[in-house]
Every structure is written in C-alpha cells, then in structure tokens.
Amino acid sequence: MDILGYEEIVGQSISSEDQQKMLRKLHQALEYARRTYLEHRPEDDLLVEAVGKQDYALKGFTDNIVMGWPIGKDPRWSFEMAFDCLKHFQLTMIIEGFFIRGAISFGDIYIDETVVFGKPVMDAYKGENRDARDPRIIFTQSAADEIKKHRDKLGTQLYQRDILKDTDGRLFLNYLDSVMIAEEEYCPISADVRSHKTRVEAELAKSRGNPSIWSKYAWVAKYHNDFCDQHSDEFNDEYKINF
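Per the working numbering, the very first residue in the sequence shown carries number 155; after that it's consecutive.
Treat the hints loosely; a few may be bogus.
Quick list of in silico lysine to any residue cross-link-like pairs, SDA-like style, CA-CA up to 20 Å [stated by the list, open to error]:
id, residue 1, residue 2
1, Lys179, His242
2, Lys351, Trp373
3, Lys376, Arg324
4, Lys351, Ile249
Rather than coming from a laboratory, the hints here were simulated on the basis of the structure.
Model the full assembly from the supplied sequences, consistent with the hints where possible.
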C-alpha cells in the first residue's frame, strides 16, 4: 500500500515542529493498526486455532505499508479477518488524512523485523503502482483467483459487501463497509461516514487547481456517494458529497 500525496504532505511540513507533528500522526495511525489488528490477544485463540498460526505482520517504509496474513485451515476465517482489518485500517487512515492506494496479492511471503520477501510483495507493488490508480485497494490476479477458488466456502458477503467491481473491471476493497460492523446489534457508525465526507471534501477543495490529483479524490467522492445510495435508509443526502 502507498500513501497518496506523501511527498506533498512531507513537503508542506516545512518546520521541524510540523514534521514532528506529521510523523507522530502517521506513527500513531500505524501503531493503532498494529495494536488493533495484529497483536495476539487471549480472546483471539479461536481465530488462531482456525487459522493455524498467528503470523500477522505490518511494516511501514516511508510511504509504503506492507501487511501480511496467513491463509489457514479455514480460508473463510482468514479472508474475513484480513479484509475486515484492511477495511478498517484504510478508513482510519483516511479519516486521519492519509489516503491509501494499494493491491492485495496471494502467495508465499516472508516477513520479519529485517526482511520483506516474496513474489506476492512484488505483485502487490506492481498492482498498486500500475493498476490501482485511485485511492483504492485492488485485487491482483493471484488474489482474485484464490477468492474464486474458495467462493463456495466464502459465501456471498465477500462479493456483496467486502469486494466491489469498478468501472474498469478491477475488483477493489469496499472499505466504507467497515462502518456497518455493528449494523445488526446497534447501528452503523455514522460519525465515521461524516468524518470521511469532511476529509474528502477538504481534499477536493485543496486540489481543485490540479486536475490529475482532483480526479483521484473525485473517485473517492463518487464511491462515498454510491455507498450512501446503497444504504440510503441509514445515510441520506446529508451524508453525501457535493462536487
């Protein structure tokens, strides 16, 4: 995954105080992800039993972020865990001001404190750099093939909620669906939708004079509005972005 506009963000942090503030903000966002999704807790034992191991990993290199999850004995558990984590991570980063573009790939990788190694890492990098284009996390061919292989076991949720198909035919992660996590027990997290709207509107206004950048945030705005339309009972026109 790549942070959109990272060079500009750093460039705008002219003073050392601004740079420290931006570094602290990015570090806190990544640490939040690590604590929330990647550290093993006693209540995760059922998941570890299903997955078979607990080798979840997150690495950040300047504007590049690598996450890895094992595919265990029950693929459904593995995919749902990975997608739920990624959805929430992407939304959290955007609300904090870091728009994410990336790609999901499948295969054997090795990640430790020193090395990130494996063909899927390169596939994901190429997918992000060449095909993602907008602030979306796409599925490379290896990931799409793996999901198709387990389609019967995975059920319809992955196709109706977690994964969407864009106008260019690319599958991408429906990260706004993370606000629906407590839909049945409580209600959607409407505050996050409002925060997402506010952040996107700010970036649209900021990039108005730069069409190539503005179009990327316009993609996010359209995706946001489509999501509101799909859940119109929960998110009326007040939640939508005017652009």
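Going through the hints against the structure:
1. For the given pair, Lys179 sits about 17 Å from His242 by alpha-carbon distance, which is consistent with the 20 Å threshold.
2. The suggested pairing of Lys351 with Trp373 holds, with an alpha-carbon distance near 13 Å, which does not exceed 20 Å.
3. With a CA separation close to 16 Å, the supplied pair Lys376 and Arg324 stays within the 20 Å bound.
4. Restraint check for Lys351 and Ile249: the C-alpha separation of about 9 Å stays at or below 20 Å, so the hint holds.
When held up to the earlier numbered hints, the structure conflicts with none and fits them all.
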